[in-house]
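Student: Given next are the chains, with one letter for each unit.
Number of protein chains: 2
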Amino acid sequence: MNQKGLLLVISGPSGAGKGTICKALLEKSEFWLSVSSTTRNPRAGEVHGESYYFISKEDFKNRIDKGDFLEYAEVYGNYYGTPKSSVIEMLESGKDVILEIDIQGALKVKEAFPEGIFIFILPPSMEELKQRIIKRGSETPESLMTRFKSAYKEINYVSKYSYAVVNDTVNGALEKIESIVIAERCRVDRMKDTILNSREELIHEQLYD
Amino acid sequence: MNQKGLLLVISGPSGAGKGTICKALLEKSEFWLSVSSTTRNPRAGEVHGESYYFISKEDFKNRIDKGDFLEYAEVYGNYYGTPKSSVIEMLESGKDVILEIDIQGALKVKEAFPEGIFIFILPPSMEELKQRIIKRGSETPESLMTRFKSAYKEINYVSKYSYAVVNDTVNGALEKIESIVIAERCRVDRMKDTILNSREELIHEQLYD
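If you read the protein sequences in the order shown, they are chains E and A. The letter at position 71 of the first sequence is residue 71 when you use my numbering, and the numbering goes up by one with no holes. Positions in the second sequence are counted from 1; adding 1000 to them yields my numbering.
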């Protein structure tokens, strides 16, 4: 029987470096990155089915009603959501799936997939987070303070996650995430099949050898 | 503040290869291996304080009464036990500790240290376990069957452990155990200090920058 894939949820406050980590992880491993749906217009270079599934607001709302999203949110008048069926399909076929997702979305996914691996990415320090926010530009001192207050609140949610990885260097964070995946594959509650096989084999030998 | 060390408990049925794995792990890493106490006589080459602490039966029984053992057992008229104080001392000083221990002992240790990392070593197959038992010699067909029945029962206890590692190759098993240790260090419930520091630093910046 096929073993189900792992669902790896990479989450955390904005500016922590989730995107960079996921990109590096995909280059190194066999994970499948779930593509989100959105109602916003594609930007230059964005490809339907790669960057996002670009769909109409009407289509999106229909899908909400049908329960087609693992989670969704409205941001500045546009909808963003994680399609449920493709994630389930991949997991059932034994593929490991990554979701890169904000904190509210991750907590929704956790309700549907408590067996997922929920990793909270922490910035190496608040000073570093500040520098990253400043580098992104267009921040006034007031909006900077707003972002900080929001990051402060967001870090509270780490307690809802199983793992926290400090993103001091991308390679360091990657190594930790890869170790978490190996360790999770060794968890007894995920290994029932292997253990059962040992026992079946044993019974066989006792009876027929 | 000093971070407490991890307690790594390597356990499993006899013949699974616990000893070989622990030896290899100690050569590669900074773990401290707890030395057991025993009332049996030292064999040629065994050193007091390295192989075992060789103590008298009277001394051992006194220590049982004082609650000095994390766990102990009587095997063929001799006592074997894990001294509690040295393990606690090492963990408090931030040293990571390995216990190589049978299943009954491990379950006792789990009562005292539920925060320990309990790893069950599985033989790659029952056929391989059989070969290992035969190689150790002095087994009649009857005693071989008894050993198997015992291994069969022992494998049931895997459900009391967090992790199971199949010992197909020593290097493969080592890599998994090292990943488990890295992953456990990323567990949110072990990282409270780091996360608290991020928040303190943030408050500081908000007030004084």
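Keep in mind that a hint or two might mislead.
[Said to hold, decoys possible] With a straight-line cut-off of 25 angstroms between C-alpha atoms, the simulated SDA-like cross-links for lysine to any residue are:
| no. | chain 1 | residue 1 | chain 2 | residue 2 |
| --- | --- | --- | --- | --- |
| 1 | A | LYS1004 | A | SER1014 |
| 2 | E | LYS4 | E | ALA44 |
| 3 | E | LYS23 | A | MET1090 |
| 4 | A | LYS1192 | E | ILE182 |
| 5 | A | LYS1095 | E | LYS18 |
| 6 | A | LYS1018 | A | SER1125 |
| 7 | A | LYS1192 | E | THR169 |
| 8 | E | LYS153 | A | ARG1185 |
| 9 | E | LYS153 | A | ASN1156 |
| 10 | A | LYS1018 | A | ASN1041 |
| 11 | E | LYS192 | A | ASP1168 |
| 12 | E | LYS192 | A | LYS1095 |
| 13 | E | LYS4 | A | VAL1166 |
| 14 | E | LYS18 | A | ILE1182 |
| 15 | A | LYS1153 | E | ASP189 |
[Said to hold, decoys possible] What follows is a list of derived Cβ distance ranges for each label pair:
| no. | chain 1 | residue 1 | chain 2 | residue 2 | range |
| --- | --- | --- | --- | --- | --- |
| 16 | A | ALA1073 | E | LYS160 | 50 to 60 angstroms |
| 17 | A | GLU1115 | E | LYS95 | 43 to 53 angstroms |
| 18 | E | ARG190 | A | SER1085 | 28 to 38 angstroms |
| 19 | A | GLU1111 | E | LYS160 | 49 to 59 angstroms |
| 20 | E | LYS4 | A | GLU1111 | 46 to 56 angstroms |
| 21 | E | GLU142 | A | ASN1171 | 28 to 38 angstroms |
| 22 | A | SER1150 | E | SER85 | 44 to 54 angstroms |
Keep in mind that the hints were calculated from the coordinates and are not lab data. Backbone N, C-alpha and C fix where the C-beta goes; we use that ideal spot for every residue, glycine too.
Student: So, for every hint listed, does it hold in this structure?
Tutor: Tested hints:
Taken as a hint, the LYS1004/A and SER1014/A pair is broken in the structure, with Cα atoms around 30 angstroms apart against an allowance of 25 angstroms. Between LYS4/E and ALA44/E the CA atoms are separated by roughly 37 angstroms; this puts the pair beyond 25 angstroms, and the hint is violated. A C-alpha spacing of about 40 angstroms is found between LYS23/E and MET1090/A, which places the hinted pair above 25 angstroms, so the restraint is violated. Proximity of LYS1192/A to ILE182/E is assessed by CA-CA distance (about 23 angstroms); at most 25 angstroms being required, the pair is judged to hold.
Straight-line distance between C-alpha atoms of LYS1095/A and LYS18/E comes to about 32 angstroms, which puts the hinted pair past the 25 angstroms bound. Proximity of LYS1018/A to SER1125/A is assessed by CA-CA distance (about 15 angstroms); at most 25 angstroms being required, the pair is judged to hold. Taking the CA atoms of LYS1192/A and THR169/E, the gap is about 21 angstroms. The hint holds against a cut of 25 angstroms. Under the criterion of a C-alpha separation no larger than 25 angstroms, the hint pairing LYS153/E with ARG1185/A is consistent with the structure, at around 24 angstroms.
Taking the CA atoms of LYS153/E and ASN1156/A, the gap is about 44 angstroms. The hint is violated against a cut of 25 angstroms. Using a Cα cut-off of 25 angstroms, the hinted pair LYS1018/A and ASN1041/A holds, with the two alpha carbons roughly 23 angstroms apart. With a C-alpha separation of about 18 angstroms, the suggested pair LYS192/E and ASP1168/A falls inside the 25 angstroms cut-off, and the hint holds. The straight-line distance between the Cα atoms of LYS192/E and LYS1095/A is roughly 33 angstroms, outside the 25 angstroms bound, and the hint therefore fails.
This hinted pair checks out: LYS4/E and VAL1166/A have alpha carbons roughly 19 angstroms apart, not beyond 25 angstroms. For the hint pairing LYS18/E with ILE1182/A, the CA-to-CA distance comes to about 20 angstroms; that is within 25 angstroms, so the pair holds. Note on LYS1153/A and ASP189/E: the hinted pairing holds, with a Cα-Cα distance of about 19 angstroms set against a maximum of 25 angstroms. For the pair ALA1073/A and LYS160/E, the beta carbons lie near 41 angstroms from each other, so the given range of 50 to 60 angstroms is not met.
With their beta carbons about 34 angstroms apart, GLU1115/A and LYS95/E fall outside the hinted range of 43 to 53 angstroms. Against the hinted window of 28 to 38 angstroms, the Cβ-Cβ separation of ARG190/E and SER1085/A comes to about 36 angstroms, which satisfies the hint. Hint check: GLU1111/A to LYS160/E, Cβ distance near 28 angstroms, so the stated range 49 to 59 angstroms is violated. At about 33 angstroms, the CB distance of LYS4/E to GLU1111/A disagrees with the hint of 46 to 56 angstroms.
Distance hint check: the CB atoms of GLU142/E and ASN1171/A are about 56 angstroms apart, inconsistent with the given range 28 to 38 angstroms. Between SER1150/A and SER85/E the Cβ separation comes to about 48 angstroms, which falls inside the hinted range of 44 to 54 angstroms.
This entry does not satisfy hints 1, 2, 3, 5, 9, 12, 16, 17, 19, 20 and 21, going by the numbered hints stated previously.
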